[in-house]
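Here's the letter readout for the chains.
Protein chains: 2
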Amino acid sequence: MEPGDALTEALRAHHPAAAATLSPLGQRVWFPRGVPAQAAEAAGCAVNATIGQITDGRGGALPLPQLEALAGPLPAKELFLYAAQGGRPDLRDAWADRLRPLGGRFSRPVVTCGLTHALSLCAELFAGPGTPVLLPYPAWGNYAFMFGVRQGAQVRRYPVLREDGGGLDLAALDAALQALPGPAVLVLNHPSNPIGYAPALEDAAAVVEVIRRAPHPLVVICDDAYAGMVWEPGLQVDSLFHALSALDPARVLAVKVDGATKELFFFGARIGFLTFGCEGPAARALEDKAMGLARASVSCAPSAPQAMILRALADPGLGAEQARLRGVIAGRYRALKAALAAHGVPFWPFNAAFFALVPVDGDPQAARRSLLAEGVGVVAVEPSDALRISYASLVEGDMDRLAAALAPRARRG
Amino acid sequence: MEPGDALTEALRAHHPAAAATLSPLGQRVWFPRGVPAQAAEAAGCAVNATIGQITDGRGGALPLPQLEALAGPLPAKELFLYAAQGGRPDLRDAWADRLRPLGGRFSRPVVTCGLTHALSLCAELFAGPGTPVLLPYPAWGNYAFMFGVRQGAQVRRYPVLREDGGGLDLAALDAALQALPGPAVLVLNHPSNPIGYAPALEDAAAVVEVIRRAPHPLVVICDDAYAGMVWEPGLQVDSLFHALSALDPARVLAVKVDGATKELFFFGARIGFLTFGCEGPAARALEDKAMGLARASVSCAPSAPQAMILRALADPGLGAEQARLRGVIAGRYRALKAALAAHGVPFWPFNAAFFALVPVDGDPQAARRSLLAEGVGVVAVEPSDALRISYASLVEGDMDRLAAALAPRARRG
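Protein chains in written order, with the numbering used here: chain A, 1 to 413; chain B, 1 to 413.
For the record, the hints were derived by calculation from the structure and aren't laboratory data. Cβ coordinates follow ideal geometry from the N, Cα and C atoms, glycine included. Incorrect hints may appear among the rest.
[What the hints assert, rightly or not] Chain A stretches covered by chain B per the calculated footprint, using a threshold of three residues with CB under 8 Å from any CB of chain B:
1) 164-178
2) 372-380
[As the list claims (entries may be wrong)] With a straight-line Cα cutoff of 20 Å, these simulated DMTMM-like cross-link-like pairs (lysine to aspartate or glutamate) come out:
3) B:77 <-> B:56
4) B:77 <-> B:97
5) B:337 <-> A:56
6) A:77 <-> B:321
7) A:77 <-> B:263
8) A:337 <-> B:56
9) B:77 <-> A:263
10) A:77 <-> A:56
11) B:77 <-> A:321
[What the hints assert, rightly or not] To list a few chain B residues with every Cβ distance to chain A over 10 Å, as calculated:
12) 89
13) 94
14) 334
15) 370
16) 384
17) 398
The whole structure should be built from the sequences, with the hints applied where relevant.
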């Protein structure tokens, strides 16, 4: 039996929904015991000739002075040498410590090159040609590109919001799940990009119940990029991953995609995490498969941001500083809402993340281009007929100018 | 016509070998005009609400103090905010400037998350299920994993060296090319991992001639990870990419994979480059397709190492410091060769890169494990029956202990 097939057998025994939803590539892949695995075994050797990198012979780095002068104060070996496949073990454990208080089953997080990489690994693991993949509508455009164009999966859509503005369209999600012909992938994204919406607590609980009743095994990918970025009371703040990971392993595999990009405001780091909602042999099998695909796509993740994030997570003052920066965004959120109201600009319900959607008359690309000519940059989100405003990247004083520019283009009534 | 198909048509007109060798995914993919493309258009806007990142409203970063304290002296926006898709334009141009003196046609280099990512993008672009892919033997294990396991391509092998030790096995490469049933992928890796071998000048020229006579269109991927790491006179130092890119575009597409990982001794950076051996519309079409696949796999590359590498490349003293570090490795090379001779340890011909191969009696994995017990870490390179020594990571004083440990396991005669 090939190593990948043995892992798939372990999943069949310990988490049948995972085995039922793996793509053909997901079924056959494993983490090869090549140079990185053998180097890990040799970590304690006095004479370590395993890895193709230049060192001082004792595991230290020998960087070029032109690069060393631009590096931060952390030890050079943590910046210039390779990091472990799957991520630094201490960073993986530190991230797991953040998930623990929220409960549920979860695997040891695998470090990825940003959240896109984690989502891309999910697409490879679970979406083969023709696999039904349920995406939110509207959604970040890269979902359809990754799952549909790259993997050749069959993209289906469920509307996130009810047309009457009364919260999540739970009936549409239920209908989309009931209409599935077999095992499938479901992507959840709360708080959402591009809507900028977090559900009410009761809607969030209902999502879990709708998923519990789905007729076929499901992988539910929780894209938690904007975890914690919620600007009104009474809304779901915690990821649904934790509740979903408590469901029947024969029916549901929950997957968590999150990272430092937004949560630690470290956009340039390219450090994400991929965590599976299971434990024991199933968790080890999925980690091994994910690390194999990471090895085949980018090898290890960048070293310096891993070292920096590890230190930051250990700082007792981090939470307060995160809250302070979230407060800055919340202030921008309130300023945008006030400016839109003052100029009579309509908008989709928004209460979270970095975004608002403003519906426009006519072609949103034309509206976007005409705004560029006025020095205002927004994004035309296809396939919806709205412009996405990323208010997190504007100061409060810009909101009036933005709303005034949007007003003549916005669609009313 | 879909955007990806239009790019493929451009290749058919301007570089037929590229069109003939694209995989089904390579044919259909393109760089989507989503958020990053629209954000690039809005770069000069006074009110820029395109990208989902928190800024000071004027394009500056607002990092967490816990992370900022660990960052280097470069401006925070170049470390903490997203870099452009496909890489910083100034870095792409700076890398192109390094290629220019060596001649040939080449596209604007696309920045990737390390060389593995560049190779992985090549595998997606050119190797579909069943595509013949000619890999060196022996080779870095990740090639077969990326092309065979992940893409489902048909892996074929050509021996790098003649059995009599007399240089490249040109006849075997020629026979492997002549036996191809149709368009195919060929991977060249000079200097090589794991052999640690650079060809003689006349052998290198003969490789180009053998490729020129191949019966079917070829993509030739030059894995130039160890560019310039050549420790004896009379050997090929420059990549074959430049000569290959001058061949008939109806017959050959040359592709260059290189990066900062080894050339700038910045292993933890995860910055590679992907460059195609063509210009004009063909170059733009391939860049667009490669950037689309990069968008779908990791999005942008990490920001800080791009900023650091850009500065280092502009430093007039960089070349001398690179030469100094290469000199350190060359000293380790000579020390290893002397130690192996002193202990009568046989080895494959080696003269370049970071590696030597020592043939062993019996199972190389068993030999490797028994060496671990003596505090000596080496790598068992399957499928060959040798141990790989990465002498670049040892100091000269370690070589005698290493050779003494290898001596009883080495295969003689």
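### Task
Determine which of the earlier numbered hints do not hold for this structure and return their numbers in increasing order.
1, 4, 17
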